[in-house]
Amino acid sequence: MSSYLITVATIIAIYAIVVCGLNVIVGFAGQISLGHAAFFGIGAYASAILTTKAALSFWAALPLVILISGLIGLLLGLPSLRVKDDFLAITTIGINFIVEAVFLYIPFFGGALGIGGIPRILLFGVKMRGTAFFALCLVFLALVLLVCWWFTRSWGGLACFALREEEEAASSMGISPVRFKLLAFVLGTAMAGLGGALYAHYMRFLSATDFSFPLSITFLGMIVLGGMGTIWGPVLGALLLGVLPELFRPLVNYRMLFYTVILLLMIRFQPAGLLGENSIVRKVFSFRLLGERT
Amino acid sequence: MMKSLLETKDLSKHFGGLKAVNKVNMKIYPGEILGLLGPNGAGKTVCFNLISGVYKPTSGIIEFEDTRTDGLAPYQVAAAGIGRTFQIVKPFGSLSVLENVLAARGISRYGSFLKIWRGWKTGSERKEAMSVLQKVGLAELADRKANLLPLGNLRRLEIARALIVGRKLLLLDESFSGLRHEEIARLERLIRNIRESGVTILLIEHNMRVAMNLCDRIIVLDHGRTIAEGDPESIQKDEKVIEAYLGGKGGTIAA
Chain A
1 MSSYLITVAT IIAIYAIVVC GLNVIVGFAG QISLGHAAFF GIGAYASAIL
51 TTKAALSFWA ALPLVILISG LIGLLLGLPS LRVKDDFLAI TTIGINFIVE
101 AVFLYIPFFG GALGIGGIPR ILLFGVKMRG TAFFALCLVF LALVLLVCWW
151 FTRSWGGLAC FALREEEEAA SSMGISPVRF KLLAFVLGTA MAGLGGALYA
201 HYMRFLSATD FSFPLSITFL GMIVLGGMGT IWGPVLGALL LGVLPELFRP
251 LVNYRMLFYT VILLLMIRFQ PAGLLGENSI VRKVFSFRLL GERT
Chain B
1 MMKSLLETKD LSKHFGGLKA VNKVNMKIYP GEILGLLGPN GAGKTVCFNL
51 ISGVYKPTSG IIEFEDTRTD GLAPYQVAAA GIGRTFQIVK PFGSLSVLEN
101 VLAARGISRY GSFLKIWRGW KTGSERKEAM SVLQKVGLAE LADRKANLLP
151 LGNLRRLEIA RALIVGRKLL LLDESFSGLR HEEIARLERL IRNIRESGVT
201 ILLIEHNMRV AMNLCDRIIV LDHGRTIAEG DPESIQKDEK VIEAYLGGKG
251 GTIAA
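Protein sequence lines, in the order shown, are assigned to chains A and B.
Be aware that the first sequence starts at 1, since it is given in the working numbering, and climbs by one per residue.
Be aware that the second sequence starts at 1, since it is given in the working numbering, and climbs by one per residue.
Calculated directly from the structure, the hints in this document are not laboratory data.
If you're wondering where the values come from, they're calculated on a predicted model, not measured in any experiment.
Warning: the hint list may mix true and false statements.
Stated by the list, open to error - Examples of chain B residues toward chain A, derived with CB under 10 Å:
1) PHE15
2) ASP70
3) ALA73
4) GLY83
5) PRO91
6) ASN100
7) GLY111
8) SER124
9) LEU151
10) VAL165
11) ARG180
For each residue, glycine too, the CB sits at the ideal point set by N, CA and C.
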């Protein structure tokens, strides 16, 4: 494969990991989040700093990065879960701007110059690049999908589905809304952190604007397109919204316009996403391998 | 006198100047079916929401099995063994009927961080959920999506979920409203069966015939206050009750 294709595929795989995390929050637990790029950025910056300033290896830093992302997700989730729906959407947008500003204006995070010189990932003494890096991303994506699949079959997942459907009824059944929303938030932001770490060591240079608000919208677009609350929807969404702009290179300046049109069309014709309930794809294939919306 | 299962003492809930529930003292005894009646806006549902923890009382206390439950969150009240239905049904729409009931059955796990990682698709809970569905007559519809069910079945589903949570006390909020005649008769039988199995029931009911048939004892509320309490016959003859339902002699309600 050409290196151009590998680059596109790698970015898509990384986005798929991040979007799986967003799907846990939005699709499984029904909590709108418009600031997911912030957590992607937190993972990326955490891994960049731990491997450059603290000189840890990628593998030593990774558990810390996932932990840090999840913990910050918990901390920022606590106040934001006091609000619902539109207000939660606004709050999460705010989180995105604040996190971006922190990266941009605090010298520790490299300021406007960003962070460079991020080392490559070493695996068994081999430097990960090109196809090998892509394969590594696929392995992580498979793990993330496994966690998502497990979660949909666990009692914790069922509690989140119940909350998504009817919060008042769910809480009258012993489900603590705060506890399970936070659980989804922590899981989702930890996955974003993992994606961020991979991104940092792939790009090897980070700047705050890589994680700005429009990226959050793109992530949300991916799950809306692919199918909210399904297992494979985020992967399909990341694939389509990753490949289409490359196919329509001349459109690239109008990318946001393009996303908007796709989102509007989806909302009008396929509100549950391409893999969601009653979708065209499901009607055509009607096989359950794609992962049932539970 | 028998010991009460649940007791409210001077229970009040004010919304601004409106005294929705005003110093209500109520005792529910183990094994009885207690009816909560009253005209629209009397404060019945507010009472339910106070007991189930949706609202915090403005003043007064609620004791369940000698433990204070006022101030607890709804999920904590549920964990204590009080289940409830909603006047406007609140199914988990995109989940199946069985999943709806299983979501309630998970109550023994939701409190522990370690227990929530186990799978819900297998295990004894599934069998238990099926037997509850059998009881309310929804077993054949177990795999149907809840938002495809007609109202009568949704009310049964609400009862099935509440039944799992309410091991001790079941709060039924107008479970009969909007049902057809034969559905009412079936639901009456179901509620009697539930009581036979040892669950205490507090129900809000508008249908007088049903309330008189089913309840051992009735409390009538009006404007947030208790205006009458007693067995169905005495309630039917109570002048204050008749006045509350049909309007005061001198047009006091209009004032």
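Those earlier numbered hints the structure runs against, lowest number first:
1, 2, 8, 9 and 11
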